[in-house]
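Asker: Chain residues, written in single-letter form:
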Amino acid sequence: MSKPKIGFYWCASCGGCEEAVVDLAEDILPVVEAVDIVFWPVALDFKRADVEAMPDNEMAVCFINGAIRTSEQEEMAQLLRAKSQLIVAFGSCSHMGGIPGLANQFVRTDILDRVYYDSQMVVNPDNIRPQEATAVNGDSLSLPSFDGAVRTLDQTVDVDYYLPGCSPPVALIVQAVTAILEGKLPDKGTVLAPDIALCDECSRKESKPDELSINKIRRPFEIEINQEDCLLAQGLPCLGAATRSGCGAACIEGNMPCTGCMGPTSRVSDFGAKALSGLASTITGEEEHDIARRLEQLVDPVGTFYRYSLPMSLLKGRAISDKGAKA
Amino acid sequence: MYSGTTDSEADGFSPRIVAFFCNWCTYTAADLAGTSRKTYAPNVRVVRLMCSGRIDPQFILKAFNQGADGVLIGGCHPGDCHYKEGNFKALKRSMLLQRMLEDLGIDGKRLRLEWISASEGEKVQRVINNMVSDLTQLGPLTLFPGTDGSFEGALQEASPMEHQMEVEQ
Numbered sequence: 001m002s003k004p005k006i007g008f009y010w011c012a013s014c015g016g017c018e019e020a021v022v023d024l025a026e027d028i029l030p031v032v033e034a035v036d037i038v039f040w041p042v043a044l045d046f047k048r049a050d051v052e053a054m055p056d057n058e059m060a061v062c063f064i065n066g067a068i069r070t071s072e073q074e075e076m077a078q079l080l081r082a083k084s085q086l087i088v089a090f091g092s093c094s095h096m097g098g099i100p101g102l103a104n105q106f107v108r109t110d111i112l113d114r115v116y117y118d119s120q121m122v123v124n125p126d127n128i129r130p131q132e133a134t135a136v137n138g139d140s141l142s143l144p145s146f147d148g149a150v151r152t153l154d155q156t157v158d159v160d161y162y163l164p165g166c167s168p169p170v171a172l173i174v175q176a177v178t179a180i181l182e183g184k185l186p187d188k189g190t191v192l193a194p195d196i197a198l199c200d201e202c203s204r205k206e207s208k209p210d211e212l213s214i215n216k217i218r219r220p221f222e223i224e225i226n227q228e229d230c231l232l233a234q235g236l237p238c239l240g241a242a243t244r245s246g247c248g249a250a251c252i253e254g255n256m257p258c259t260g261c262m263g264p265t266s267r268v269s270d271f272g273a274k275a276l277s278g279l280a281s282t283i284t285g286e287e288e289h290d291i292a293r294r295l296e297q298l299v300d301p302v303g304t305f306y307r308y309s310l311p312m313s314l315l316k317g318r319a320i321s322d323k324g325a326k327a
Numbered sequence: 328m329y330s331g332t333t334d335s336e337a338d339g340f341s342p343r344i345v346a347f348f349c350n351w352c353t354y355t356a357a358d359l360a361g362t363s364r365k366t367y368a369p370n371v372r373v374v375r376l377m378c379s380g381r382i383d384p385q386f387i388l389k390a391f392n393q394g395a396d397g398v399l400i401g402g403c404h405p406g407d408c409h410y411k412e413g414n415f416k417a418l419k420r421s422m423l424l425q426r427m428l429e430d431l432g433i434d435g436k437r438l439r440l441e442w443i444s445a446s447e448g449e450k451v452q453r454v455i456n457n458m459v460s461d462l463t464q465l466g467p468l469t470l471f472p473g474t475d476g477s478f479e480g481a482l483q484e485a486s487p488m489e490h491q492m493e494v495e496q
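Chains as they are written, first to last, in the numbering used here: chain W, 1 to 327; chain F, 328 to 496.
Worth flagging that the hints you see were computed from the coordinates, not collected in a lab.
Check each hint, because a few of them may be wrong.
To be verified - Facing chain F, a subset of chain W residues (Cβ under 7 Å, in silico): (1) 270; (2) 273; (3) 276; (4) 283; (5) 316.
Built from N, CA and C at the ideal position, the CB exists for glycine as well.
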């Protein structure tokens, strides 16, 4: 019997997820022995035409990382969906929109203006922008179009499983690949990570007070962070209480607060709202103005609570109706 | 009696408000407004909860996501909470959420928190009429991707680039 075929692809992403595959180190050897990698543009020289030539459902599984922002990414996602039995959304961007998803705070025209006209580092006196079609010496050159919004992978094509994380922890990748090879898969739509909050596996759990109360919200650079105590107790907006576990609390081991890349547990529909709720209720104060002043210390609520999940959230991005609202 | 008219209203816009009222104070006040025959704008759909502290910010976003133009939270006055501090939790959450909503282009007036005790039926009337008039002026809430989450609106906005260029080399 021939080995199962697998593919990897990247959309709007940083390349960190590809690194995560390489981080499997020698664990990748049994995988490579058990499967045929038939598509992996970052590492191997296969082209789109090779994928197009495959019969439908040729690949047992395709891991796609990155959010969807351009017509090319959407086309590739659709093509790979047709050629794969399983699609796994790999990493925060394809799972929830990720860092690129923060661009949904701005409309498309503003982004293009900023990048091609307004940025201090741009000199563009003729206001030239890349075009979807350009005629050069009688030939027509084309570029993918730039969508009006960043979408998650499952807002674009049907997705079977999710491997969360920025980037997904090696242990979870190994578990997922093993489960797929052995055919021991959970229900479709499952996030392949423990369904419990990160605090549960945090090494500082014992130092978390029964009732948290924060007098002053701090940013990591403002204080010398105690390496043993619960970060929330130190006033740092650690999102571990709202975030799915499975990463071994890697950031907290590095003495940095959790930023929520693993996303919510299955009981939560909007990660940012839930994380905001948890943090806000720990703020101390009996008077409205005291509470307001302390909450002001949290810089950039959207970037804090929706760092990886704005396109997946209930609002999905910036509303367009209220001109009066703060820019 | 609610009797304001504005331009938006002339266009036929009438805001939809989802109100979360706590069982012990504001819901009772709304009952009182009813039994005292105080009329107020019919734009509010009231959801009764045991305490304003039960209001998860997810409920509020879900209301906006499902087409609400505004969300009103009613709880007991500070010090009067049946569960001691539930109303303070509601206050803290809604303050931070309001700031985040403004950062996401949603006017702060669309999320309103009011302390209304069981005896303040008149305040229920006043707050609701006042909020309806504020929201009528603001107009309907249009979310970035369209409320159904299909991203249809945002994707249609992505028409081809503004101008086509000819490059001769």
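Asker: Decide, hint by hint, whether the structure agrees.
Answerer: We went through each hint and held it up to the structure:
no. : hint : in the structure
1   : 270  : holds, 5 Å
2   : 273  : holds, 4 Å
3   : 276  : holds, 6 Å
4   : 283  : holds, 5 Å
5   : 316  : holds, 5 Å
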